[in-house]
Amino acid sequence: MNNIKQLALEVLQNNRVAVFTVAYNAEQHIEDVLNRIPKWVAEKLAEIYIIDDRSTDDTYSKAQNIQWSGEIAPLRIFQTPYNQGYGGNQKLGYNYAIQRGFDIVVLLHGDGQYAPESLPHILAAYTEKTDAVFGSRFLQRGGALKGRMPLYKWIGNRILTKIQNALLKSQMSEMHSGYRSYRVSALRKIPFNYNSQGFDFDADIIVQFHAAGFKIKEIPIPTYYGDEVCRVNGVAYAWNCIKTLIKYRLMNYEIFYDPKFDVRADMQYQYTSKSAKNSLHYHVRNLPIEKGKTLLDIGGGAIGAVSMAHAERGVDVTVIDQCNAVQSDVLKHYVVNLDEPWGGQFPAEKYDFAFSLDVLEHLNCPEKGTKEIFNFLKSGGKLYASTGNVAFFILRLMLCYGSFNYGRRGILDLTHKRLMTVNSFRRLLENSGFKVEKILGFGVPLLDMNGSSKLIAFLDMTSFRLARIWPGFFAFQILAICHRPDSIEDLMEQTFQNNCNTLVF
Numbered sequence: 000m001n002n003i004k005q006l007a008l009e010v011l012q013n014n015r016v017a018v019f020t021v022a023y024n025a026e027q028h029i030e031d032v033l034n035r036i037p038k039w040v041a042e043k044l045a046e047i048y049i050i051d052d053r054s055t056d057d058t059y060s061k062a063q064n065i066q067w068s069g070e071i072a073p074l075r076i077f078q079t080p081y082n083q084g085y086g087g088n089q090k091l092g093y094n095y096a097i098q099r100g101f102d103i104v105v106l107l108h109g110d111g112q113y114a115p116e117s118l119p120h121i122l123a124a125y126t127e128k129t130d131a132v133f134g135s136r137f138l139q140r141g142g143a144l145k146g147r148m149p150l151y152k153w154i155g156n157r158i159l160t161k162i163q164n165a166l167l168k169s170q171m172s173e174m175h176s177g178y179r180s181y182r183v184s185a186l187r188k189i190p191f192n193y194n195s196q197g198f199d200f201d202a203d204i205i206v207q208f209h210a211a212g213f214k215i216k217e218i219p220i221p222t223y224y225g226d227e228v229c230r231v232n233g234v235a236y237a238w239n240c241i242k243t244l245i246k247y248r249l250m251n252y253e254i255f256y257d258p259k260f261d262v263r264a265d266m267q268y269q270y271t272s273k274s275a276k277n278s279l280h281y282h283v284r285n286l287p288i289e290k291g292k293t294l295l296d297i298g299g300g301a302i303g304a305v306s307m308a309h310a311e312r313g314v315d316v317t318v319i320d321q322c323n324a325v326q327s328d329v330l331k332h333y334v335v336n337l338d339e340p341w342g343g344q345f346p347a348e349k350y351d352f353a354f355s356l357d358v359l360e361h362l363n364c365p366e367k368g369t370k371e372i373f374n375f376l377k378s379g380g381k382l383y384a385s386t387g388n389v390a391f392f393i394l395r396l397m398l399c400y401g402s403f404n405y406g407r408r409g410i411l412d413l414t415h416k417r418l419m420t421v422n423s424f425r426r427l428l429e430n431s432g433f434k435v436e437k438i439l440g441f442g443v444p445l446l447d448m449n450g451s452s453k454l455i456a457f458l459d460m461t462s463f464r465l466a467r468i469w470p471g472f473f474a475f476q477i478l479a480i481c482h483r484p485d486s487i488e489d490l491m492e493q494t495f496q497n498n499c500n501t502l503v504f
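Positions 0 to 504 (numbering that gives the first Met the number 0) are the ones given, in order, by the sequence shown.
The set of hints was computed from the structure by calculation and includes no laboratory data. Certain hints may be false.
Unchecked claim - If you anchor each label on the Cβ, the simulated ranges turn out as follows: (1) SER402 / PRO73: 40 to 50 Å; (2) ALA304 / LYS377: 39 to 49 Å; (3) ASP31 / GLY233: 37 to 47 Å; (4) THR494 / LEU396: 50 to 60 Å; (5) LEU249 / LYS377: 21 to 31 Å.
Here the structure is a predicted model, which is why all the values come from computation and not from measurement. Every residue gets a Cβ at the ideal spot worked out from N, C-alpha and C, and that includes glycine.
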């Protein structure tokens, strides 16, 4: 027994493995494809299932009449109610694999373009820790051309794969092989039902696996081009693949949102503290607050590093938030429902300073939130409040083209309940009694998002400078620096209670 067979048998014995055959107008090849599956593999499979995508020939009836031995894996034949497309057919097949509780599903084309004889090599790779195994026609030098791949397809495949690798920051040898297999546990965790109905479904799922941090292993497979009919519009397919990667990159910058790339949609997104010198967090972290002063950090539970820096310098810090993320001996943390009256939810006092960094837009009623902050500050106390600028020039440009795309974070965060401009944010604070001393604009935090290359550093600085010059147009985030004047209650107390009464007859 050779090593590949031994490893493949090990995988077959320890996993419920199914072979999923996509078929469309494959009447001339479908029976041969199934018969070419090595018998010792077929005997150990949990199931082989074919989904005919409403072929216009006799593929479905041909598959139903295949003479199939009862000693090997059960063969099930299905037909879609109407044509779903290559991607739509895969969606059905993978959902079926999840429903049936398979551990591994192997995609096999019904037209015979990919060799069933390579199944042992696909399966053997699962003895290593991997989430998917793809067959590649380009791991063996010159193999694709020897297998009669047309030169124009070879060139197109090479160029497109190189572009996709650059956009995805990956190193795959081929992104356009249809010989694929997946751990079903990985498929459960990605939203593949949002993927394209067409051939670029395969590009979508690569991006999803990459975004989820799943490992894809490639193995060499032979190339075969025979009399099968190519149904791919090469130009449209290439454009759709590139468009998929561009959308994904834009989504990483939170400029665009597409649920098919939100592989962690069921997880609560954790906001992170920014450390670059031009960032808002860096500015607030380095404010000159005197030792011994009291500071209330509203909503700082997830990014407590901002107020933590002040606590470590001797400031008396209290953090209130709806989550319990900050655990430290140098500050106090209380879980508070910020949408309800704050009094009574924590041992409150009057504070010298307050931080409200990108919090007010998450509240059901920001007006009530700013009023609560006002009431918890001492007279003369300072508030540093920030929010995203919905009038940021990129959003204005996108709106010109009818795009108003919410995302996982950023200005159009899906959890934002109120969107602010510089003027509306100022008005919100002033209506609650604050005096706004200054509005500072901050650019896109490119250095925190993309590393420290010279180009990124230049763009980061440019964005920062423009935001300071014209916050209403160029600011990605805005920081309002306010002070709390005497309230009417303060003035009443100072006037009527702190002075001696003089009764004049």
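For each hint, the structure was consulted:
no.: 1; hint: SER402 / PRO73: 40 to 50 Å; result: holds (49 Å)
no.: 2; hint: ALA304 / LYS377: 39 to 49 Å; result: violated (25 Å)
no.: 3; hint: ASP31 / GLY233: 37 to 47 Å; result: violated (27 Å)
no.: 4; hint: THR494 / LEU396: 50 to 60 Å; result: holds (53 Å)
no.: 5; hint: LEU249 / LYS377: 21 to 31 Å; result: violated (45 Å)
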